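**Student:** Just so you know, the protein sequences line up as chains A and B, in that order. Quick note: the first sequence uses my numbering, first residue 890, plus one each step. Quick note: the second sequence uses my numbering, first residue 47, plus one each step.
Bear in mind the hints are in silico, worked out from the structure with no lab data behind them. Everything numeric in this text was worked out from a predicted model, so none of it was measured. Don't be surprised by glycine CBs; every beta carbon is placed ideally from N, CA and C.
Across the chosen pairs, the derived CB separations fall in these ranges:
#1 A:T964 to B:E90: 29 to 39 Å
#2 A:S919 to B:K87: 20 to 30 Å
#3 B:S117 to A:A965: 35 to 45 Å
#4 A:N953 to B:S111: 36 to 46 Å
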Amino acid sequence: KNEVEQSPQNLTAQEGEFITINCSYSVGISALHWLQQHPGGGIVSLFMLSSGKKKHGRLIATINIQEKHSSLHITASHPRDSAVYICAVRRRIIQGAQKLVFGQGTRLTINP
Amino acid sequence: DTEVTQTPKHLVMGMTNKKSLKCEQHMGHRAMYWYKQKAKKPPELMFVYSYEKLSINESVPSRFSPECPNSSLLNLHLHALQPEDSALYLCASSRPFGGGGAVTDTQYFGPGTRLTVL
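So that you can see chain A by itself, here it is in the shape it has in the complex (with noise of 0.2 Å):
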């Protein structure tokens, strides 16, 4: 069993729906991340995540640590949304440097 999972590994919706990813983690944790891949590579940090709930925009991550669960939500989806969406767990710290566990993804494709 993954350290960390996610559900669902696929998710297509149309435009305008409310989006849900969640995941779970298995260890003790000192922060989350939530990442958005698009086609072609490039990775961004949308949040990081130790305690409670963050606003960015459209974007809403909850966590909820004594449940080891964290879920990201997406308001009025647009099809520029489309991307894989990746949860990482920072397991801990060496030297100063963070050592982050990956999930296995949601790929996400909004259709108009």
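Got chain A sorted already, so can you dock chain B onto it with the hints?
**Tutor:** Chain B only, in chain A's frame:
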């Protein structure tokens, strides 16, 4: 400037070639990372440098040789690679804890180098 740059964008090499990937950032980050990503898989950590010293090597074969010549630059030297090493190689950086960094800091990723080994 919150950019991590990587060169080249694409690289095709034979199994006997020697090549290098380059990563650069000017955000003052003293932690830098190399990741390997196969198609439809998440990134896998390869190496971590902290304050220009190698702090994590995730049991990477010796045909991959990292180098951090200064605080802005990270190289990955490639030699005698195998076709299965074909992948997207991503570089990232972050502020290190104890060096001005905080729990709220994130990693910044470069666009990657897509490597094909023939």
